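Sequences and hints are given; from them, build the entire structure.
Number of protein chains: 2
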Amino acid sequence: MAELSTTSDVPVATIKYYLREKLLPAGESETANQARYGSPHLDRLRLIRALIDVGGLSIASARSVLEVIDSDASLPETFAVAQHSVSVAIEPSDLDPADLDRIDELLVGWHVSPNNPGRLASARVLSAFRGVGQTDDRGWFARYAEAALLIATADLDEIESRPDRAAKVETVVVGTVLGDALISGLRRAAQEHVTSERFS
Amino acid sequence: MAELSTTSDVPVATIKYYLREKLLPAGESETANQARYGSPHLDRLRLIRALIDVGGLSIASARSVLEVIDSDASLPETFAVAQHSVSVAIEPSDLDPADLDRIDELLVGWHVSPNNPGRLASARVLSAFRGVGQTDDRGWFARYAEAALLIATADLDEIESRPDRAAKVETVVVGTVLGDALISGLRRAAQEHVTSERFS
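Protein sequences, first through last, are from chains A and B.
Everything in the first sequence is counted per numbering that gives the first Met the number 0, starting at 0 for the first residue and increasing by one.
Everything in the second sequence is counted per numbering that gives the first Met the number 0, starting at 0 for the first residue and increasing by one.
Keep in mind that the hints were calculated from the coordinates and are not lab data.
Treat the hints with caution; some may be incorrect.
The list cannot tell twin chains apart, which means a pair is met if one copy fits it or any two copies do.
Stated by the list, open to error - Straight-line distance between alpha carbons at most 20 Å, and here's what the computed EDC-like set of lysine to aspartate or glutamate pairs gives:
#1 167 - 196
#2 167 - 135
#3 15 - 27
#4 15 - 66
Being a predicted model, the structure only gives us computed values, none of them experimental.
In structure tokens form, the structure reads like this:
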């Protein structure tokens, strides 16, 4: 475990915590006080750190997505779990039907189930925009939907390029969790660029 | 205050907390026990809720962005404050220079300052992707940058359409904070759509 800690740059106490929380499988026991940790443990540890530190997942959410990686779930099932894990739980009944209608207008022609966490989260965001008097009469949000479709298409192209099921499923999970952080980061860089082009 | 609570659907205790934290300006005192709250208070209260509940801002971050709305900061300055408020603080020295180089390749031709929080956050995400063995040999992340530019252009078009400085600045703040939530929501809906098109 000391070696695993050094190689991964994760403190021993944190590794023990992940073991207790069943995020990381136990090492192979060698003696009463020693266990063997191999490269699958190192890979899993790096994945846990990426999900929690950069993706901002809770321990419980990280456990859910790791479980789906280890299961034989299909890609659509994996997406559903990954999406739920990174989304705030919202009940359709807590939303204003007018906001759901407005989202469905933006998603017209898309195959999206009523309980898709993104559909519900988007309706909640529209409600918040509306609550502060921000409308999109000029098609602001339709351009977001267009950009979202580009991103999702890039995600799926990337997933399909992976060699086997395990790699595809891991890309679904990692891409879902880290992709949000990437797009928001790139958006801020792009905002500075476009602002600087227009105002200087 | 009881009326403000009823109209806004925000509990009195929460309103008092926002007053103490100086997010909400005090009402005009009428008697020792009564103050007058008008429609600017209601608007501000709705904005606070949108920033905190939907945008996920901390009290301190919400205060920063409200202060910039109330100042006479320029649009680029407002963007900088709004961006810092919604971003995890990252020091360039904590990042691997190779990840910063990789981001700068994605942003080639963009005017982005070295400390742009989005540039730093994106480099951190690339490091996390790399740490779990996820590469983008096929241009995955370049397509994210393209989508980010579309979104930022839509943001700026919307901001410029607002009638006056106060409205423009409020759109910068609200758009920066809520826009992240909207794009991640729409992305999840788009992922279900593209997945369903390809796998069924």
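Tested hints:
1. Only between protomers do residue 167 and residue 196 lie at most 20 Å apart by alpha-carbon distance; the minimum there is 17 Å, versus 39 Å within a single protomer.
2. Taking the shortest Cα distances, residue 167 and residue 135 sit within 20 Å of each other only across copies (14 Å), while inside one copy they are farther apart (37 Å).
3. In this assembly of identical chains, residue 15 and residue 27 lie within 20 Å of each other by CA distance solely inside one copy; the values are 15 Å within and 56 Å between copies.
4. Proximity of residue 15 and residue 66 under a CA criterion of 20 Å is satisfied intra-copy only: 19 Å inside one chain copy versus 43 Å between copies.
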